[in-house]
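Novice: Spelled out, the chains give:
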Amino acid sequence: MSIDRRLILQAMGASALALQAGQAWAQQPSQSVADTPEFYAGERALYEAAGKEGMVISNNTGPTWANWNALFGAFGRRYPNVNLVYNDVGSGVAVNALDRTKARPQVDTIYYFGANGVDAQRRGLLAPHKPPNFEKLPELARHPDGEWFTIHQLEIVFIVNKKLVKNPPRSFADLLKPEYKGNVVYLDPRSTGVGQVLTWAANFAQGGTYANLEPGLKYIEQLHKGGNVLRVVGTTPYAQFVKGEIPIWVNFVNDGLRAKFLDGMGDDVEVISPSEGTVAAPYTISLVKNGPNPNAAKLWLNFIMSERGQQLFAEGFVTPSVPGVAIPDAVKARLVTHAKSTLLDLGQSAAQLQALQTGWAKAAL
Amino acid sequence: MVRALLATPGLLVFGLFFLLPLGFVASEALTGGWRGLATLASSRTFWSGLGNSLALGLLAAIISTLTGLAVALRLARMGDNARMAWQFLIALPLTFSGLIVAYGFILAFGRAGFVTLSLHSLIGVDPVAFSTMVYSPYGLAFVYAYYLIPRVVMILTPVLVNFDTGQLAAAESLGATRWRTLADVLLPQLKAPLVSAFALVAAVAIGAYGTALALVGTQVNILPLQLFTMISDAGSDFAVTAMLGLVLAAICTLVMGIGEWLGGEKTSRVFQRRPT
Numbered sequence: 001m002s003i004d005r006r007l008i009l010q011a012m013g014a015s016a017l018a019l020q021a022g023q024a025w026a027q028q029p030s031q032s033v034a035d036t037p038e039f040y041a042g043e044r045a046l047y048e049a050a051g052k053e054g055m056v057i058s059n060n061t062g063p064t065w066a067n068w069n070a071l072f073g074a075f076g077r078r079y080p081n082v083n084l085v086y087n088d089v090g091s092g093v094a095v096n097a098l099d100r101t102k103a104r105p106q107v108d109t110i111y112y113f114g115a116n117g118v119d120a121q122r123r124g125l126l127a128p129h130k131p132p133n134f135e136k137l138p139e140l141a142r143h144p145d146g147e148w149f150t151i152h153q154l155e156i157v158f159i160v161n162k163k164l165v166k167n168p169p170r171s172f173a174d175l176l177k178p179e180y181k182g183n184v185v186y187l188d189p190r191s192t193g194v195g196q197v198l199t200w201a202a203n204f205a206q207g208g209t210y211a212n213l214e215p216g217l218k219y220i221e222q223l224h225k226g227g228n229v230l231r232v233v234g235t236t237p238y239a240q241f242v243k244g245e246i247p248i249w250v251n252f253v254n255d256g257l258r259a260k261f262l263d264g265m266g267d268d269v270e271v272i273s274p275s276e277g278t279v280a281a282p283y284t285i286s287l288v289k290n291g292p293n294p295n296a297a298k299l300w301l302n303f304i305m306s307e308r309g310q311q312l313f314a315e316g317f318v319t320p321s322v323p324g325v326a327i328p329d330a331v332k333a334r335l336v337t338h339a340k341s342t343l344l345d346l347g348q349s350a351a352q353l354q355a356l357q358t359g360w361a362k363a364a365l
Numbered sequence: 001m002v003r004a005l006l007a008t009p010g011l012l013v014f015g016l017f018f019l020l021p022l023g024f025v026a027s028e029a030l031t032g033g034w035r036g037l038a039t040l041a042s043s044r045t046f047w048s049g050l051g052n053s054l055a056l057g058l059l060a061a062i063i064s065t066l067t068g069l070a071v072a073l074r075l076a077r078m079g080d081n082a083r084m085a086w087q088f089l090i091a092l093p094l095t096f097s098g099l100i101v102a103y104g105f106i107l108a109f110g111r112a113g114f115v116t117l118s119l120h121s122l123i124g125v126d127p128v129a130f131s132t133m134v135y136s137p138y139g140l141a142f143v144y145a146y147y148l149i150p151r152v153v154m155i156l157t158p159v160l161v162n163f164d165t166g167q168l169a170a171a172e173s174l175g176a177t178r179w180r181t182l183a184d185v186l187l188p189q190l191k192a193p194l195v196s197a198f199a200l201v202a203a204v205a206i207g208a209y210g211t212a213l214a215l216v217g218t219q220v221n222i223l224p225l226q227l228f229t230m231i232s233d234a235g236s237d238f239a240v241t242a243m244l245g246l247v248l249a250a251i252c253t254l255v256m257g258i259g260e261w262l263g264g265e266k267t268s269r270v271f272q273r274r275p276t
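Protein chains in written order, with this note's numbering: chain E, 1 to 365; chain Z, 1 to 276.
Looking at chain Z on its own, in the form it has when it is part of the complex (with noise of 0.2 Å):
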């Protein structure tokens, strides 16, 4: 009964601010059947939005997960003071909004940019071929591991922490080699949190929309720019438009579905086993 009260809050926001809305995005789709859906799956835009889309993902996912990874192995050597000062400069651009990030790379990697400019009268570099890096897909996806690799370590750091090294000194003195160590006594305790962090960090990639927008451009043809652009002026087909919606929603979720099935249950072994 108190459980049941103590649950109503998270309930009502969950019901008021994401399954309402959810039924009003749902109810927008469906006016005209599935139209919405048809005119989606018979568009060729559609189709490569959803290929760059994933390509992204992956991409900065990739990087950002190793990234992450490396800065967290590091980070769990380190001495608690030290560790936590760490960990506060790398969480900082998770307080920045998109679009600052994405101008912030403007000013620094940008044709007029710090470094491009640097760059340039130190060794040459020629600024303009240098600054079409970053409003690229590529610039993108490294924008992106910006904020995103914070994340990898904020997931990753308490498990391996927590992780007990004498496992890994166990195995080199029974002879194992390094990297048979890592590969036999590390990893498969650390998969489960490193496939769900993958899995986050995708969908952020994927879904995220206002760095794509102030970087790129719409030219890059990703899903939440195709989004973008039938929203704003010249656009009024809303059942296409909410039909949009819903799928890169369904897409951001079952990434993070596929996530959590991968990891979740491999994920509380690892943690009951922890040793507090």
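Here chain E stands alone, though its shape is the one from the complex (with noise of 0.2 Å):
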């Protein structure tokens, strides 16, 4: 399997090399780092290192998700030597499965919705590193010996398809109106991450805390006594939503805008944060403890912690986490403003998450 993905891979790489060719040679020679200044001292010492180990196993990172393909496509470009292999797994599956090889693991680095990487980091899974922009990032943000660090975020919004709903709402209070019967579509917090950070962002609208979930769960109630909710699925529903078969997705904000944007809905889909505030999920990445190219591995998330891998999570709808990368207007243009967006705090979150998701199925079920 991993060498199909290796071949598919190269042959991806190579064409989108091809391509480029023809319009860097206009500008530049190359956009290998041997022709172009370092993003970081040391840069070329990494690769050169990372060169001989020759490729970077790259764990969870599925291509169409929050832009990957973009980064896999620049990195490759900088960095002829180093072939980048990818799989896509899921979050939770992918730090079991590193759990069940970790005497000897088949990746070298690991990335997942933020809770997942905490409970990596205390199965004794992960290795400290550093990469650039590291201390820019705020605490809550980072493991302090850099296990983990996240490297974009998530925010809750509501994607709306004006097809079928005239007047969207703007805040979760709205979402609980009677017009909004039948409408309302949002993922089982019991399978996934972004079901726990939309039941997070809920409660913290109707003034709960992370000690107090009352108030979420009550309003979660509210939602399916009073018939508002469509459906709750198990897996992100994108194709459906596209196909037109859902109102109102409660979801992360990059779906939304990829459907507008990059599946040609257009104005037919409204993406609108929430006026009492959303909640934002760090993704995070790790070096992976003993893993067979840790070169490689240290380049790979330099890249992507570096100004130009930040820009192109931007340019695929998603936040970048370091504060202060420069964005060009035309990619700003097409984000989402927040009325206020909170960070959500992984060690506090994840204390409550039986709570939750027990609660949530009591409320709901």
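These are calculated hints, taken from the structure and not from any lab test. Be aware that a few hints might be false.
[Stated by the list, open to error] To give an idea of the chain Z side of the interface with chain E (calculated C-beta under 7 Å), a few residues:
| # | residue |
| --- | --- |
| 1 | G110 |
| 2 | R111 |
| 3 | A112 |
| 4 | V128 |
| 5 | T165 |
| 6 | Q167 |
| 7 | G210 |
| 8 | L213 |
| 9 | T229 |
| 10 | S232 |
For each residue, glycine too, the CB sits at the ideal point set by N, CA and C.
Grab the two chains, each in its own frame, and use the hints to assemble them into the complex.
Specialist: Below, the structure is given as structure tokens:
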């Protein structure tokens, strides 16, 4: 399986290079690190060491998610001697699989929803690494020694199909209105990170805190009792949304902007940040302890955290984690502004996970 | 000796790809003794999930067996060529994966589905109300019937083709009504394959998960989706998860076993009596 994917990736890399070559010749001979200024001190030396390893295995970075494909392409052009191989399994599964193979891990880096990173750190699966811009991250967004750090975040919003909903909701309070009966779809907090984050967002909007889940659970109960929930789903129903099956989808912002700008829904979609404020989920990455290609792994992590890597996230409608990254105006114009955005505290939310899941099941089912 | 050798490949596959993985799951389920089973037994969600799974399995199996029987009766009266053509068409749904079937039904009967929108513009059916049907547990049973009916047809058709219709004519000429003929002559001979077809499709419906996940989501509490919830991102209690897997496998095996037990012996008699 991994060999097939590597071949595919090589082919993709090669064709991307060929495409790029035509444009690049006009301006500069190459985009490789050898011919351009270093992104950070020691980049070329690290590239040389990584080139001897020849490859890096990036766990759980699915190409269509969070603009990873663009990062793969840019990494391949900058570091032509390091082959990037990825897989896509889901955060929880990735950590469990790593735990099973920890004596001899087969992956170099692991990317996940932040709560899973905290879990992996507690299980002792990770090695410390501090990439460029590490110190710029807020303390909530990084492990003190760099065993995990946030590379981008995703905010909860309402993604509304305007063909089905003439008057879109502006706030969590709006969602309770009878006019949205049978309209709301969201993901199950028992099986997905996004389900947990949106439950926290609703809880904070209703005046709850990390210690007090009651307002959020009461809100969920009202939403279901009033009949406003159309479905709770176990996997991201992106195709269903694009096909016009879902009127209001409470979900991460990037799926909405992707539907709007890349999949042709245009003005039929409105992406709305709740007026009470939203919660941003940290997505983190780690260096795997005893991974097979440590230098190439560091090169990949450093690239993701560089200004260029962070910009590529923004181009894929994903909020960069490093504060103050320069984002081109054309990209910025497409992003959503939030009334208020709170970064999820991974420690405090993890302590309440069980209570949130069982409380949700009681309120919603 | 030769017989034993011929059985080797089958036994090897059975051992490597069924018994061995099952052993791993079982050892996982029993880490910490019977705690996994105790956790399941004390969970309200498990028992309601079990009830819903059995209800879904029964409903889907009843729809499929009745429809399949009607189709097989018709097929048995056709000429060989026509029957072969129809059987080919009827078997097609078996080649689709559950996910594809679910999406197919969404494209046809969902809120923006072809059938839904056609009905809306023709006779003013409310698309919202109409589409909630396909996303409900009843919709799920309906979609299951789509690929369970072919299984029933495939089991029943050969039996019906080989059924000697002279027996029916004899009963009728002796003065039996049409209904008594069917009940006293046809049904007793058909009981065994009917029961095993019913058990087979019920077991498939109880254990299937891809269609359910794509169509109704995790809000419908059935055991396969509970299992999915427990092994996806948020889950980490492997002992309970593995135990649920074992319990689900045991339920499906039990349903099949009951079918074999009720039908088995008589099946062989029917087949022995078959004139060929």
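Novice: Hint by hint, note whether the structure agrees.
Specialist: Against the structure, the hints come out as follows:
1. G110: 5 Å, holds
2. R111: Constraint on Z/R111 satisfied, holds at 5 Å.
3. A112: 4 Å, holds
4. V128: 6 Å, holds
5. T165: 49 Å, violated
6. Q167: 52 Å, violated
7. G210: Violated - the Cβ of Z/G210 stays beyond 7 Å from chain E, reaching only about 11 Å at its closest.
8. L213: Given a least distance of 6 Å, the restraint on Z/L213 holds.
9. T229: 4 Å, holds
10. S232: Cβ of Z/S232 sits 4 Å from chain E, so the hint holds.
Going down the numbered hints, you'll see the structure goes against 5, 6, 7, while the others check out.
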